[in-house]
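Guided by the hints, dock chain B onto chain A, whose structure is given.
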Amino acid sequence: MDLATLLPFVVNVIVGGLVLGFVYAIIALGYTMVYGVLQLINFAHSEVFVTGAVVGFEVFRVLTPSPMNGYLKLGVALLAAMVVSGLLNVLIERLAYRPLRNAPKLVPLITAIGVSLILQDTLRVIEGFQGRFDLTYTLPDGFSNKFCAAESSCAGLGNALRTVGVDLQLKDVILIAVSLLSLAVLNYLVSRTRLGKAIRAVAQDRVTSGLMGIDANRMISATFLIGGALGGISGVLFGVKFGTVNAYSGFDPGIIAFTAAVLGGIGSIPGAVLGGLLLGVIQNLIGVSNIFGSLLGIANLEAIDASYQRIGAFLVLVLILIFKPTGLLGKSNVEKV
Amino acid sequence: MTAASPLTPRRTAPPPDRTGLLVLIFLLTSSLLLLSHNSDVLGGLGGVGAFLRNPIVEAIVVSLFLANVLFAYLWRAAPWAKALVGLGSLLLVLPWAGQEDTSLLDLSIQIMIFAALALGLNIVVGLAGLLDLGYVAFFAVGAYTWGIFASPRFGEILRYYGENPGATNAGTLALGLFLTAVTAASLVYIRRRGRTARPSRFASWSFALASFGLLAGLTLTARALIVLNAFRAQGLANGIDPAFFWLFLALSVMAAAIVGVLIGLPVLRLKGDYLAIITLGLGEVIRVLANNLDLYSAGSQGITPIRSASVPWFDALAARLGFAEDQYYLLFLYALSLAMVGLILLVNVRLDRSRIGRAWIAIRDDEVAAQAMGVPLVQTKLIAFATGASFAGAMGMIFAAKQTFISPESFNLFQSIGVLAMVILGGMGSFPGVILGATVVTLLNLRILPGLGEATANIAWIPQQVNPGQLQRFVFGVILVTIMLLRPEGLLPSRRRTLELHHEDNQEDDSARGNAGALTAGSGHVYSPGLAPLKEEDRAGGAK
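These protein sequences, in sequence, are chains A and B. Here the working numbering is used: position 232 in the first sequence is 232, and no number is missing along the way. Here the working numbering is used: position 195 in the second sequence is 195, and no number is missing along the way.
The following block holds chain A by itself, in its conformation from the complex:
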């Protein structure tokens, strides 16, 4: 295969990876925000994310017969998922983490694992009562099609993409747009508002910020609300992207997203986004590496299949952390004795 055909292929792999990466990035933000204020790995976040996906599924299911605009349906789904996941996250913090604020660090980790088990079974039972296990998203017409149904009808962005040779679907573009929008809102919220300032203060030093008149508990609740809402958004986007979710499908993306958060430097918001995008691209590259192998005439690479995707992600993590132990954008912590 020559360069002229290889190049669009590589571009497509990378673009596909970026689309995946945006989902990871938004999940990773949920981890990183909670970690930023509480130094806690919120293992229950993957279930908060699945809750969002389930809510999105229910909204799409209920709204499917209605003649509503597809974008409006998506908006309703996103909003409902944000509210449910956000409130759920606040509730989890209230019941399982707050009483343990002064306990050793690993104790809330174990309650987080307990909560995640509880949520998994709860979701399974709720959907099980209606005889469902794998929830298949029924998307509004057009969402799942190619961006341009026919080459002749291509216009605007679709035409531009086609000329460059990038193969995107409408839902991918929507996914990127929603992710960018929520990133912008989050950025505004954290860096420009009083609330964001207070959250950052609490993240830096809970006791001192308390002395300055900030109610740390309220700020932590707010962080969990925002993190949960992001989890809800990413859940719906994940459902839209992959089509199927079940009560247990939070585990894999959860692990990858957490890896992404660590890769970027846990606690750093731009770091989480960078890590998510990077891991998405790497995963996609590994996923097609056997095609590369056959292109380059290396037959052995065929053995590298999808099951090595996670390994690849972790090896990249190991390499980066060896040279930069606090992640790509993490602050290096100067220790004082």
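Derived from the structure by calculation, the hints contain no laboratory data. Among the hints, a few may not be true.
[Stated by the list, open to error] With a Cα cut of at most 25 Å, we get these calculated BS3-like pairs of lysine-lysine:
| # | chain 1 | residue 1 | chain 2 | residue 2 |
| --- | --- | --- | --- | --- |
| 1 | B | LYS271 | A | LYS331 |
| 2 | A | LYS331 | A | LYS197 |
| 3 | A | LYS324 | B | LYS271 |
| 4 | A | LYS73 | A | LYS324 |
| 5 | B | LYS271 | A | LYS105 |
Just chain B, lined up with the frame of chain A:
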């Protein structure tokens, strides 16, 4: 100072002596256990027999029986009574009941495997403070070390290499051995030079090159050995002779420890959650490798049948005791894991009080300060990793021999988290607590929750979806959260750690809440030396 001072420790009355109660409960639960596992007697009991056969009742009986040992540890009683209950339960009653119901032996071995794993992880997490989420990888290394050799797998590997020998002959073996020897020697030389000379880039590059050469040499040697021995494949159709069990026990321990060092070496610079995610990742790497290296690990189908050891005198003993022939290996593994747990506990207690144990605790509490005091960080952490890993390796081998089947599914992340939950549930850093945690979690997962599910499976008014048998994760999660909320320090907290934690409570958090009284009030323990109120008449040097 007078006794009225608020700083003198409050003396609590010694707990009452409960020798009689202990023996009484032991006799009661033992007879209940023996009774409920003897189907002949149960058949004759009619309604009571049916009640005792109910899975949930059975689970409760087993739990009560195991609680004996806990009571013997906790209560104040005469030493003979404690010894009677402890030894009698574990060496007499449990094997006796297991003779009637093999699943009881199986359960006990499983509990002991997890207890040993938890003790190993306790060294890494509880003592050295290194959060390891990939601990089950070492367990897998031990399991696969025995699993590959004691099953038809080994014969198949030999046959494969016999059919694809490449250019291997005796010369390759010689080359491999030569390369290994030369690179190993140069590694030692470079390391020795490095102690005296200033570290240079050249030295580290040559070290890396020599390590690579060593790896290549070992691979060549191993491959040559396998190819040259390929003609033995026929004779090894069922794996190697079980008489090699002890050799492989040592090998599993070594292999797991080496993997522990290899994993630990590059990543121990990282701290806290970075270390957690890296170990999680490396644990997954080992699982995915086991899933994909079909030739060696049979991939996701798993390796079966795996043989256990056959020790002639032990088999004779088991026969004398009236065990059936297919129960010999379980009884052997029961005795072996009991001995292993005892040994590991002994090693743990000795390590805890040794120089290295104190170094671990120093690192856990403050790495920088420990380093300043001359504790070699990397070395000490590596020892913690390797020690914990070697316990896991030994138990992995026992696990493989017990299950006679291993597949990558037994070594997933959830298992690592389960072991971590045992450690924290029981009380980090406390050996009896960790064993209790392992027992509680294993009993819950293997007996109580399935028993609950089985007992309620046929009740009409419980819908299928919320049958407790289906809700095992839910119930387990609720129990985890509840215990942690009620007892954040674990079921049997370590004494030393409790003091440390409350020290922090009083020093920082209460004062931050504006409760300055907390600094001086309370039980006034040994850790607040500077707060003793000096009375004016007190002379320096203390009262005479």
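field: Numbers of unmet hints, in rising order
entry: Violated hint: only 4; rest satisfied.
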